[in-house]
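Visitor: Let the sequences and hints guide you as you build the complete structure.
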Amino acid sequence: METVTIAIPSGRLLEGTLQTLETAGYFAPGEWRTTRRLILPSTDGAIRCLIAKPVDLLTYVEYGASDLGVAGKDTLLEQAQDVYELVDLGFGFCRGIVAFPAATAEGWEAKSPLRIATKYPHVTERYFWSQGRPVEIIAMHGSVELAPQVGLADGIMDLVMTGRTLAENQLVEVAELFRSTARLVVNRVSLRSRAEAVQAVVQRLRAAVAQRAAVTSG
Amino acid sequence: MRLERWQQIPTGTRDLLPDETARVRQVATGVLERMRRWGYREVTTPTLEYLDVLVWGEGSAAGDQLFKLVDRGGEILALRPEMTTSVARLVATRLRTAPLPLRLAYAGQVFRWREAGSGRLREFPQVGCELIGAGTLEADAEIVALAVEALAAAGVGQFSISLGHVGFLRALLAGLHLPESELEDAQALLYQKDFVGLRALLERHHADASHVNALLALPTLRGPAALEEAQRLVDAPEVQAVLSDLAGLERMLRAYGVWDAVTVDLSIIRDFEYYTGIVFEGHTAALGVPLLGGGRYDRLLERFGVSWPATGFAVRVERVLSADESGAGGWAPDAVVAFENGSRDAALACARALRDRGLTVAVEVQGRTWDDVADEALARGTGRALLVRGQTVVVRERGGEERTVALEDVTRGHGEEDARWRR
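These protein sequence lines are chains A and B, in that order. For the first sequence, counting from 1, position 202 maps to 202 in this note's numbering; every step adds exactly one. For the second sequence, counting from 1, position 105 maps to 105 in this note's numbering; every step adds exactly one.
Hints are computed from structural coordinates only; laboratory data are not their basis. Since the structure is predicted, the reported quantities are computational estimates derived from the model, not experimental observations. One thing to keep in mind: the hints can contain errors.
[To be verified] Residues from chain A shown here face chain B by an in silico Cβ test under 10 angstroms; the list is partial:
| no. | residue |
| --- | --- |
| 1 | T59 |
| 2 | K73 |
| 3 | L76 |
| 4 | E85 |
| 5 | E106 |
| 6 | W108 |
| 7 | L114 |
| 8 | L184 |
| 9 | V185 |
| 10 | R194 |
[As the list claims (entries may be wrong)] Computed Cβ-Cβ distance ranges for the label pairs, DEER-style:
| no. | chain 1 | residue 1 | chain 2 | residue 2 | range |
| --- | --- | --- | --- | --- | --- |
| 11 | A | E2 | B | T29 | 32 to 40 angstroms |
| 12 | A | D82 | B | L216 | 17 to 25 angstroms |
| 13 | A | R48 | B | D64 | 31 to 39 angstroms |
| 14 | B | T45 | A | R133 | 38 to 46 angstroms |
| 15 | B | D208 | A | A28 | 41 to 49 angstroms |
| 16 | A | L14 | B | T45 | 49 to 57 angstroms |
| 17 | A | A207 | B | L16 | 45 to 53 angstroms |
| 18 | A | G151 | B | G73 | 45 to 53 angstroms |
| 19 | A | G151 | B | T93 | 53 to 61 angstroms |
| 20 | B | P46 | A | R133 | 38 to 46 angstroms |
| 21 | A | G142 | B | R37 | 53 to 61 angstroms |
| 22 | A | P113 | B | P224 | 35 to 43 angstroms |
| 23 | B | P46 | A | A207 | 51 to 59 angstroms |
Where a beta carbon is used, it is the ideal one built from N, C-alpha and C, also for glycine.
Guide: This is the structure:
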C-alpha cells in the first residue's frame, strides 16, 4: 500500500500526537524523540510524518502536500480551511474564552467600542458580531494577556487550559466561545485518490484513540 | 532591491508568458472544441455584472468574495466569481424563447476575493458548459460523460470523476427529524465537512440510528460497493430513490464508455443552496484540489423567472496545467525571412505565401546581417532561415548546410523544395 503523509504539529499538541501514533503502532515508544528530522517514516513504512508549525498545518493538508494532519479545533475554527475533519483525537483539551482585567470585568458589556487582543481574530470577530457588539480586534502572535495590562486592549480572547495564566495576570473569564481538542483532518482529494491507504490510517488512529480513552477511564 | 509599484501586479493575479499563454489556450480550446462536438455553442457574457444579479443567483454569502466597484451612476457592479449565474441571467432574458434544451459553453476569466498569502488566485480562467431545459438522468449522464471527455481533451493523464448526489445528503438530514435550527446546524457542519461536530450534535439528539450511521460513514461511502453499502445502511424511500438514480446513471455512463473514469462517491459535498441533484468533482492524484466541479441546479433559473432544470460543470484551467508534469517545450517559428537591399517586396510576398500554407514565419525587422539573423534563429530552434535575394532564396538548414533555390519553388511549394518543407 502506498505511503500516506501525515502532518503533525510542533508545540502544544506534539506530545499527544506522538503518543497516539505510538499507540496505533506506527512508532516504537520514544523512537521519535531521538531525532531532529522534520520528516519521519513510521517503523512499518505505512506513513511518514512531517512536523509543521501549527499555524501552517492546515495549509499543508488543504493543498494536498500532506494527506492527513493533526490540528486543534481552535485552529480549524480560526482558519476555516477546506479539509475533512474526521476524528476527535481526545487530547489537547482547552477552551477559547474572553477575559477582562478583574477591575473592569464587571460591566464589560457596557463598554463601547471594545478593544480585544487575540491570536484568533476571525473567531473573535465572528463571536462579537453574532452578539451584535461592535469590536476592534488587535491581532497578536503571543503573550496576549499582556495587552490589557499596558492599555493596548480592554480584554483578550485566548485559549485557557488550567486558568493559571489568567489568574496570574489578574484576568477574569467572562464568556466561553468554544471548546477544543486535537482533530484528525484529511485532504479532500486524498480521501478519494488514496482512499484505501488513507482510510486504513484513519481506522488505526480511531482505534488508538478508543484504546487510550479506555486506559484513561479504566 | 526594492520593487517599484510599476514593476508589480496585484496579489493573486498572474502574467502569463508566451509559452504559458499557449498552454492555457491549448487547454481551453481543447475543452471548448470537445464541447462544440457535443453540440454546445459558446456564449460570451460581460466580466462585470450588477452586484444584485450575482447575489440573486448565488445567495448573499457570495457577496463576501466579490470584487465590487461603484459605477458613476452609483450602481454597484461586481466582477463575476463564476459564469453559471451570468449564463442563467442570459438564458432567462435573451434566450427565453429559444427551443429547449439549450447547450451552452463558455470560457473566461473569473474573480474571487481571497486572503493575501492564502496562495489562491484572485483571477483565473474557467471553461464550462450548461445543459438547460432537461431534468432527466439522460441529461446528467451527458454532462458527466462530457466532463470525462473534457479532462481527457485537456490533456490530463490520470484522473477520476467522483460522482455524488445532494439528494442523498438531504434525505439523510431530513430523516433525522431534527428541529429546524438544529437541522441548519447539522447541514452547516456537513458543509464544513466537520464530522466530529456532526457526531456530537447527532449524539446529543438521539436521532435515528440508521441515518446517523450513514451520515458518519459518509467519508467511506465511495467506490464500487458504495451504492450497496448505502442501501444497506438506510431503508428510507427518498434515499432509495436517489440510489436508484445513481444506479441508472451508472448504466448510462457504461454505455457512454466512460465509467472507468467515474467513481460513485456519496461524500461529495458541494453547496447545498445551489445544487439540487447529482454533484461531481474531477481529481487527479498529483493535485490536492479538484480540477473541475459541477452538478444539477434546478432552482437557479427559477430565480430569474424561468423554471427550467439545468446541469453543467466548469473546468479550472490553471489547475489542469499545474497537474500536468510534462512542462512546456521550447518554441521557435518554422522559418525566419531576411532580405537583401531591394528585395523587400519579394521577401514579404515569400513570407505571406508561407504563412498562407500554415507555417509560422518571422520577418527580420532589425536590419541585422544575414549571418546574425540565421545563427541566432537556428540556435533557438527555428526550422530554417531564408535570405531573399531578387528571385532566388538562400535557405540555411538547422545543421548549417545552405542551398540556393528559386523563390517560386519556395512560395509555391514546388517539387523537391516542397518535399523538404513537408518533412
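Visitor: All hints are to be evaluated individually against the structure, with a verdict given for each.
Guide: Status of each hint after checking the structure:
1. T59: Given a least distance of 7 angstroms, the restraint on A:T59 holds.
2. K73: 8 angstroms, holds
3. L76: 8 angstroms, holds
4. E85: Hint on A:E85: holds, closest Cβ of chain B at ~5 angstroms, below 10 angstroms.
5. E106: 32 angstroms, violated
6. W108: 28 angstroms, violated
7. L114: 23 angstroms, violated
8. L184: 9 angstroms, holds
9. V185: Nearest chain B Cβ about 9 angstroms off; hint holds.
10. R194: Holds, because the Cβ-Cβ distance from A:R194 to chain B comes to roughly 7 angstroms (cut-off 10 angstroms).
11. A:E2 <-> B:T29: 32 to 40 angstroms: 35 angstroms, holds
12. A:D82 <-> B:L216: 17 to 25 angstroms: At 20 angstroms between Cβs, range holds.
13. A:R48 <-> B:D64: 31 to 39 angstroms: Holds - the Cβ-Cβ distance for A:R48 and B:D64, about 37 angstroms, lies within 31 to 39 angstroms.
14. B:T45 <-> A:R133: 38 to 46 angstroms: Between B:T45 and A:R133, where Cβ atoms are some 41 angstroms apart, the hint holds.
15. B:D208 <-> A:A28: 41 to 49 angstroms: This hint holds: roughly 44 angstroms between Cβ atoms.
16. A:L14 <-> B:T45: 49 to 57 angstroms: 51 angstroms, holds
17. A:A207 <-> B:L16: 45 to 53 angstroms: Roughly 49 angstroms apart at Cβ, these two residues keep to the hinted range, so it holds.
18. A:G151 <-> B:G73: 45 to 53 angstroms: 47 angstroms, holds
19. A:G151 <-> B:T93: 53 to 61 angstroms: 58 angstroms, holds
20. B:P46 <-> A:R133: 38 to 46 angstroms: 40 angstroms, holds
21. A:G142 <-> B:R37: 53 to 61 angstroms: 59 angstroms, holds
22. A:P113 <-> B:P224: 35 to 43 angstroms: Once the Cβ atoms are compared, 58 angstroms apart, the range 35 to 43 angstroms for B:P224 and A:P113 is violated.
23. B:P46 <-> A:A207: 51 to 59 angstroms: 56 angstroms, holds
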